[in-house]
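Single-letter residue listing:
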Amino acid sequence: MVHTISYHITPYAANQYSSLFSSLNQKVDQLYDHLNNDFLVTTNKVKKYTSTAREKMVSGKTREAVHAKIKYAVKRFDSIIVELQYHDIIRQKLEHIYTVEKKISEEFAFIYENPESRKSPYFVLIMHEVIELSINQLKAIKDDYLFASTKIQQILRSLWADREISRELQLFLFNTAENLRNVIQALDVLIKMHERIRDERIAFEVRITDEHKIKLLNEIKQLYTMESEREVFNKTFSIVEEPAAAVEDDIFF
Amino acid sequence: MDFGSADNMLSSFNDIDRNIDKMIQLLQDEQQKLDESFVMYLNRIKRAKRDGNYVSLDKFEQARKVFEQARLQIRELTELIEPLQHIKQVNRMVTFSMKSSEAHMFIEISSFLDAISNICLGQLKYIRARYKEILSTVRLGIAKLWMDRELAHAIRLILSVNQIQYNKFLVEFKQTEVRYADISLSIKSSTPEEFHQRIVLRMVSNRLPSMEEQRIIQTLFPSWDKQLDFVA
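Chains as they are written, first to last, in this note's numbering: chain A, 1 to 253; chain P, 254 to 485.
Just so you know, these hints were derived from the structure itself, not from any lab. All residues carry an ideal CB built from backbone N, CA and C; glycine is no exception. Incorrect hints may appear among the rest.
Restricting the straight-line Cα-Cα distance to at most 27 Å, the calculated cross-link-like pairs of lysine-lysine (DSSO-like) are [claimed, not checked]: (1) A:Lys103 x P:Lys299; (2) A:Lys27 x A:Lys48; (3) P:Lys421 x A:Lys119.
Chain P is faced by these chain A residues, among others (derived, beta-carbon under 7 Å) [said to hold, decoys possible]: (4) His8; (5) Pro11; (6) Tyr12; (7) Gln16; (8) Leu20; (9) Gln30; (10) Ser79; (11) Met193.
Make a model of the complete structure from these sequences and hints.
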């Protein structure tokens, strides 16, 4: 199907937006670093505590009551490791934002450097929708992160509060506050930058059909590997997904 | 990033200046190292011609021309230093007004940081593109010589134009680009008052005198100075 597209993007806008989107990508890179630090600090500590706990358990030198407590602690450490997978989930979600915004930056750079080119931009045509979507995805990421991080900290606190466990495992309540702060600050900067771009930047003219817009947005949706991302997408664009079509068996039997 | 804080912006401009200094250093190093390498090949060609070789004299002559030409082309790298220094002058103009005790001056200039950053970004992108173009042209000439295996063997030619310095330059460029973008985002965008914008553009334009620099300003602000000239 041929879609009618018309747009007018000044060199000023193209130059500015290509660099602004580069900056957004750079901030995501910085966020990866903070997430990585957070992940490393927590895993290293938990790994150390788990190995101490296992040594105590096989040594047979601990009283039965303490032994049971240590066994419980090991289970809790395992649950922290499970919780830590949220880092990977967040990373994937950020990658999806990064991929689209990188393309937008490249498209704007192309427009700026090749003003005579007739090659039509792609995701630039739905830049405003992308920005709105990124804001909502980033806010959801922030909520995910706060939830998981708090949960881990709660588990550690409850173990640390038991003096016997903390003495036996030389458990120090390590502070993840700095990592948490760095990640949250980086996310807040990203959200704020997107909001500034949405609210205050120079406008440009794009005319595309709703059909075309939906087609492009669906391409972004295809990138998503997680249900929660698709939910944010649907919510952003007020899409109500129809329930999966019933199979023949449901209809006839 | 602290949006809109003057201290933060001043520090960003200082960082940009440092990035630009590194870019200048990298361009100088690139030019110097490439020149040394090309001179070395020219000497090898001279020796190989003198010593007699199974490679024809025509081929040596052709190689000599390529390296002489390459030496001229890479001189243009150092010509890119001047526009980089001009960007620093624009930065200085901005930081001076921000530091100025006369508060109103800061307000005026800072309201146009969006436009100023955009011009500086345009200049930087041109410099990066030009650098890349010069290297590609030189590399292409040498690659053709290198394809002639007999010649390449006779003068022990390796493809000496690599991307190492350019990639370092790119790192500095990207940091600078992000800093300018962040500065432009730090300021609340508003419709600029045309008269003052023209004054600010004139101030920037005075610091970016070359034809190429003027062309970039014109691309971003078409006919910005026409009306002013008419009034004058």
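Now the hints, each set against the structure:
1. A:Lys103 x P:Lys299: With Cα atoms ~50 Å apart, Lys103 (chain A) and Lys299 (chain P) exceed 27 Å; violated.
2. A:Lys27 x A:Lys48: Since the Cα atoms of Lys27 (chain A) and Lys48 (chain A) sit roughly 32 Å apart, the hinted pair is violated (cutoff 27 Å).
3. P:Lys421 x A:Lys119: 31 Å, violated
4. His8: 13 Å, violated
5. Pro11: 5 Å, holds
6. Tyr12: 5 Å, holds
7. Gln16: Hint on Gln16 (chain A): holds, closest Cβ of chain P at ~5 Å, below 7 Å.
8. Leu20: 5 Å, holds
9. Gln30: 10 Å, violated
10. Ser79: Status violated, d = 36 Å.
11. Met193: Result: holds, 6 Å to nearest chain P Cβ.
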